[in-house]
Amino acid sequence: MNAAPVPLLSMRGISKNFGAVEALAGVDLDVFAHEVVALVGDNGAGKSTLAKIVAGALTPDAGLIELEGEPTTIPTPAAARSLGVATVFQDLALADNLDVTSNLFLGREVRKGGLRDDGYMEATARRVLDALNSRIPSARTPLSTLSAGQRQSVAIARTLIGDPRLVVLDEPTAALSVAQTAEVLTHIERLRELGLGVILISHNMTDVRAVSDRIVVLRHGRNNGTFDAATTSHEEVLAAITGATVRRRPQVHALR
Amino acid sequence: MSRRASAAGSQSSLREANRQLVAETVKRYGGLTQVELAEATGLSQATVSTIVRELLAAGVVDTVATTRSGRRAQMVTLARRVGLAAGIQIGHRNLRVALGDFSHEILAEQTLPLPVEHRVDTTLDRVALLVVDLLERVGASLDDVVGMGVGVPAPVDSGTGMISVEGVMPGWDDVHLGQVLSKRLGIPVYVDNDANLGAFAEATEGAAREHADSLFLRASYGVGAGIVLGGQVLRGFAGTAGEIGHLTVRPDGDPCRCGRRGCLDTVVGASALIEAVGQVPGVASLRDIVQRANQGDERCGDVLAEAGAAIGSALAGLVLAVNPQVVVVGGELAETGETLVAPLRAALERHVPTNRIAPLEVVRASLGTRAEMVGALALAVQSTDVPLSVDEVVDVAGLG
Numbered sequence: 002m003n004a005a006p007v008p009l010l011s012m013r014g015i016s017k018n019f020g021a022v023e024a025l026a027g028v029d030l031d032v033f034a035h036e037v038v039a040l041v042g043d044n045g046a047g048k049s050t051l052a053k054i055v056a057g058a059l060t061p062d063a064g065l066i067e068l069e070g071e072p073t074t075i076p077t078p079a080a081a082r083s084l085g086v087a088t089v090f091q092d093l094a095l096a097d098n099l100d101v102t103s104n105l106f107l108g109r110e111v112r113k114g115g116l117r118d119d120g121y122m123e124a125t126a127r128r129v130l131d132a133l134n135s136r137i138p139s140a141r142t143p144l145s146t147l148s149a150g151q152r153q154s155v156a157i158a159r160t161l162i163g164d165p166r167l168v169v170l171d172e173p174t175a176a177l178s179v180a181q182t183a184e185v186l187t188h189i190e191r192l193r194e195l196g197l198g199v200i201l202i203s204h205n206m207t208d209v210r211a212v213s214d215r216i217v218v219l220r221h222g223r224n225n226g227t228f229d230a231a232t233t234s235h236e237e238v239l240a241a242i243t244g245a246t247v248r249r250r251p252q253v254h255a256l257r
Numbered sequence: 003m004s005r006r007a008s009a010a011g012s013q014s015s016l017r018e019a020n021r022q023l024v025a026e027t028v029k030r031y032g033g034l035t036q037v038e039l040a041e042a043t044g045l046s047q048a049t050v051s052t053i054v055r056e057l058l059a060a061g062v063v064d065t066v067a068t069t070r071s072g073r074r075a076q077m078v079t080l081a082r083r084v085g086l087a088a089g090i091q092i093g094h095r096n097l098r099v100a101l102g103d104f105s106h107e108i109l110a111e112q113t114l115p116l117p118v119e120h121r122v123d124t125t126l127d128r129v130a131l132l133v134v135d136l137l138e139r140v141g142a143s144l145d146d147v148v149g150m151g152v153g154v155p156a157p158v159d160s161g162t163g164m165i166s167v168e169g170v171m172p173g174w175d176d177v178h179l180g181q182v183l184s185k186r187l188g189i190p191v192y193v194d195n196d197a198n199l200g201a202f203a204e205a206t207e208g209a210a211r212e213h214a215d216s217l218f219l220r221a222s223y224g225v226g227a228g229i230v231l232g233g234q235v236l237r238g239f240a241g242t243a244g245e246i247g248h249l250t251v252r253p254d255g256d257p258c259r260c261g262r263r264g265c266l267d268t269v270v271g272a273s274a275l276i277e278a279v280g281q282v283p284g285v286a287s288l289r290d291i292v293q294r295a296n297q298g299d300e301r302c303g304d305v306l307a308e309a310g311a312a313i314g315s316a317l318a319g320l321v322l323a324v325n326p327q328v329v330v331v332g333g334e335l336a337e338t339g340e341t342l343v344a345p346l347r348a349a350l351e352r353h354v355p356t357n358r359i360a361p362l363e364v365v366r367a368s369l370g371t372r373a374e375m376v377g378a379l380a381l382a383v384q385s386t387d388v389p390l391s392v393d394e395v396v397d398v399a400g401l402g
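Top to bottom, those sequences are chains A and B. Per the working numbering, the very first residue in the first sequence carries number 2; after that it's consecutive. Per the working numbering, the very first residue in the second sequence carries number 3; after that it's consecutive.
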């Protein structure tokens, strides 16, 4: 085993402006394989902007992105997918009129001899749902009959199609009941056990501290501390989010 | 979705296999409509409908009217005789909730990961909400619940339902757990130590069911033991019996959360094990160590083997004191099987004189990490008087 492992994803000095709005100013983020990193902060702290940059939906104005040590750019969502980065946004982007399998393969249907290979896709869907220990009865269930929690399960399962390295989850437990939250948090633990890197964006400090290894706090588009989830109290993280403490920037930027 | 293959079968054996498949599927999902049942089992709608009718007549399942996407549908759940009970295990890093009936059949269960040092108010709130969510999943309500058992990783005074040693669960000391939950949900709540519940479950329906005297060793984030003598759980006057996690094994060791030094928990507890494994990428929790050991990682395996030996030495005194027929090893660490159990057994053999009449057995918990939750469920059932139906009363009187 390597003594100093290379991060799966390493971001240095990421900046993004929208006109006069400074969404991100020199943000650093590392995610290792087999690790859940929570990204927390107030509304407008830049969490979702950073997630969109990782997902290829936005391009940064400045900064360096490395995937497993290789400098790279993520210009489009398709590029992110081919680099092994899968993202679940808050709106989930699922099609209500289709069944679970079709949703998992939406936009990347598997073909065999010019025809859709439905048998293969359904078997894969089942395998992925089982890998998450999901409670969805059938891969043929129409999305419209599923609960909010089950939809989130489908959205998370979709990230596993195409064997990703990194999964980004934007507020996966918002507006879910406790039982559904339990299901989603269990899925996140499974993703980690499968050896993936996970970026978890959430407002709920209890959920964040339950499943993450490290907590990265953003405040006004800047890093405001990185915490070890197992040894940091609720109060310390909250203090960093609200700016009650002034913390030294954790690292000098690679690019500045 | 594969239909269960029925090898060389007569029509009746096929029907029987299908009946079983439907019953198992209902059990797995808690409650689901006939349409969903057909999809989940791969059987035709007509077959499912026939089987559900048969199972309903046989009293195996219940049906409740519900709606799915605006249409009326029949939700199928397992039949509940007399009433429901809830079993809760509050752990250091997760919460398990189960609903069961009086035959100890689990109808629905759910695990929720919890943060380190989770707060008593948030956690109890989530317990209450999870119970209600699960009830909804099986088509029942709080009115159907006769009682709830709760297990916590700390010694509990069963009279008051409060934690009897200060500092073991910071912030939980002054909360009357049973009363808070009972008031919130309007049902009787019984609180006990998780190792006692595991011991009870393993003694009644697990690895120790053939024996009257057994010890349950719970190796998890901390260590604890439950004692069953003559089929009864021995709790002591205020619940601290079997708390070997706080037995001093290194008089000048690290400080323990109980306020003393060198307790067994400071040697084999989660943080001690993580420290012993050292800086290995991807190993940050107890679950990681267990997972790695099961994948053949030597470092993690060695750390667990050492822990097993240390636990065995500490357990020897308790084994001598109560002379059990079997030691059942449960908790997360027992998921590694013989990696933990073999050195534990060896240490016990070294420290305890061999009993010629009944050599001590050391086995893994057959209920796995669910033992404590099953025990909590059993505690709730046991603490409730079962109203017998009219003819059963007559039968009992007749046999009298």
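Among the hints, erroneous ones may be present.
A short, non-exhaustive set of chain B residues, derived as facing chain A with CB atoms under 10 Å [stated by the list, open to error]:
1. Ser160
2. Thr162
3. Ala348
4. Glu351
If you want a taste of the chain A side facing chain B, the calculated C-beta under 10 Å gives, among others [what the hints assert, rightly or not]:
5. Ser16
6. Asn18
7. Ala21
8. Val22
9. Ile162
10. Asp164
11. Arg166
12. Ala175
13. Ala176
14. Ala183
15. Ser203
16. His204
17. Arg215
18. His221
19. Thr232
Since the hints were made in silico from the structure, they are not lab data. Positions of the beta carbon are idealized from the N, C-alpha and C atoms, including for glycine.
Hint check:
1. Ser160: Status violated, d = 28 Å.
2. Thr162: violated, 27 Å
3. Ala348: Nearest chain A Cβ about 29 Å off; hint violated.
4. Glu351: violated, 35 Å
5. Ser16: violated, 29 Å
6. Asn18: Violated: closest Cβ of chain B sits about 35 Å from asparagine 18 of chain A, beyond 10 Å.
7. Ala21: Since chain B brings no Cβ nearer than about 38 Å to alanine 21 of chain A, farther than 10 Å, the hint is violated.
8. Val22: At about 33 Å, which exceeds the 10 Å cut-off, the nearest Cβ of chain B leaves the hint on valine 22 of chain A violated.
9. Ile162: Violated: closest Cβ of chain B sits about 18 Å from isoleucine 162 of chain A, beyond 10 Å.
10. Asp164: violated, 18 Å
11. Arg166: Cβ of arginine 166 of chain A sits 14 Å from chain B, so the hint is violated.
12. Ala175: violated, 16 Å
13. Ala176: violated, 14 Å
14. Ala183: holds, 4 Å
15. Ser203: violated, 12 Å
16. His204: violated, 15 Å
17. Arg215: holds, 9 Å
18. His221: violated, 26 Å
19. Thr232: holds, 8 Å
Going through the hint list in order, the structure does not satisfy hints 1, 2, 3, 4, 5, 6, 7, 8, 9, 10, 11, 12, 13, 15, 16, 18.
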